[in-house]
Amino acid sequence: MIGFYNYTVLLTYLGMLVSLVGLAFARSGHITNALLCLLFAGLCDMFDGKVAATKTRTDEERHFGIEIDSLSDLISFGILPAVIVVFMVWEDMRMLPIAAFYVLCALIRLAYFNVDEMGRQKETSAPRREYRGLPVTSIALILPAASCLAGRVCENRIWMLMPTMFITAIAFITPFKLKKPGNLGKTVMGIGGLALFLLLIWRVK
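So for the sequence shown, the working numbering puts the first residue at 87; every next one is plus one.
Read the hints as simulated data drawn from the structure, not as lab findings.
Where hints are given, some of them may not hold.
Said to hold, decoys possible - Derived CB-CB ranges, DEER-like:
id: 1; residue 1: Asp145; residue 2: Ala231; range: 34 to 44 Å
id: 2; residue 1: Val201; residue 2: Lys141; range: 20 to 30 Å
id: 3; residue 1: Phe133; residue 2: Arg206; range: 20 to 30 Å
id: 4; residue 1: Leu96; residue 2: Glu203; range: 12 to 22 Å
id: 5; residue 1: Thr144; residue 2: Ser114; range: 40 to 50 Å
Claimed, not checked - No more than 25 Å apart at the CA atoms, straight line, and that leaves these computed lysine to aspartate or glutamate pairs for DMTMM-like:
id: 6; residue 1: Lys266; residue 2: Glu203
id: 7; residue 1: Lys136; residue 2: Glu216
id: 8; residue 1: Lys266; residue 2: Glu177
id: 9; residue 1: Lys141; residue 2: Asp178
id: 10; residue 1: Lys263; residue 2: Glu216
id: 11; residue 1: Lys265; residue 2: Glu216
id: 12; residue 1: Lys208; residue 2: Asp145
id: 13; residue 1: Lys141; residue 2: Glu209
id: 14; residue 1: Lys263; residue 2: Asp178
id: 15; residue 1: Lys141; residue 2: Glu203
Glycine residues also receive a C-beta, built at the ideal position from the N, C-alpha and C atoms.
Work out the full structure, taking the sequences as your base and the hints as a guide.
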């Protein structure tokens with residue numbers, strides 16, 4: 087079979103499959119469950135690079151890993167968040183063009199990252215130290231947080247969700263430099279993700 091089959095891509099596949107479940111939850115109106123799937127996909131993405139680094143890979147395997155990661159991210163952090171916000175305020179179609187714009191920016195960001203990363207790897211084998219633009223995976227924390235605040239800050243949730251998705255989309259394709267988080271930054275994000283997870287679980291109950 088075509089492709090490369092080893093443990094380095096298992097977390098990427100798992101995050102993508104969970105995101106597909108999240109799409110089904112969003113479509114059936116179980117928005118909180120869909121947000122939990124988004125958080126889980128973000129957790130998988132946080133560790134898939136560390137898992138991949140434990141194996142010596144050929145150039146073809148590394149390029150395959152870059153491509154498969156971005157394709158998976160388009161589903162997990164591009165399409166899934168857009169579908170969640172659309173069904174979260176299904177009665178208001180003003181969210182639809184914002185969601186479409188968000189997916190477009192996520193697509194552009196991921197394609198550009200692939201080009202940039204492959205060029206960078208030809209010049210150096212050192213790990214990446216900074217990003218250009220906001221990584222699409224950031225939505226795994228941004229959207230659950232906005233969802234938890236939406237009903238409390240704004241009477242109509244769309245007034246929280248529309249600017250959140252629009253500003254995040256613009257940040258994807260804006261070429262500012264963002265330092266890649268170290269262990270401390272990842273710990274903080276992990277704690278934030280856990281807090282959102284518990285808050286969403288409490289909301290389901």
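>> Looking only at beta-carbon atoms, does the pair Thr144, Ser114 fall within the given range of 40 to 50 Å?
In response: This hint holds: roughly 42 Å between Cβ atoms.
> Is Lys266 within 25 Å of Glu177, Cα to Cα?
Replying inline: Violated - the C-alpha atoms of Glu177 and Lys266 are around 39 Å apart, more than 25 Å.
> Is the Cα-Cα distance between Lys263 and Asp178 25 Å or less?
Replying inline: Violated, at roughly 35 Å.
> Lys266 and Glu203: Cα distance at most 25 Å?
Replying inline: Within the cut-off at roughly 14 Å; holds.
> Is it true that Phe133 and Arg206 lie within 20 to 30 Å of each other by Cβ?
Replying inline: Check passed, 22 Å falls within 20 to 30 Å.
> Is Lys208 close enough to Asp145, meaning Cα to Cα at most 25 Å?
Replying inline: Given pair Lys208, Asp145 holds - Cα atoms ~10 Å apart, limit 25 Å.
> Is Lys263 close enough to Glu216, meaning Cα to Cα at most 25 Å?
Replying inline: 7 Å, holds
> That 34 to 44 Å hint for Asp145 and Ala231 (C-beta), does it hold up?
Replying inline: Check passed, 39 Å falls within 34 to 44 Å.
> Hey, Lys265 versus Glu216, does the alpha-carbon distance stay inside 25 Å?
Replying inline: 4 Å, holds
> Hey, Lys141 versus Asp178, does the alpha-carbon distance stay inside 25 Å?
Replying inline: 48 Å, violated
> Between Lys141 and Glu209, is the straight-line Cα distance small enough, at 25 Å or below?
Replying inline: 21 Å, holds
> Are the Cα atoms of Lys136 and Glu216 separated by 25 Å or less?
Replying inline: Holds. Lys136 to Glu216 sits at ~16 Å (cutoff 25 Å).
Violated hints for the displayed structure, listed by number in ascending order: 8, 9, 14.
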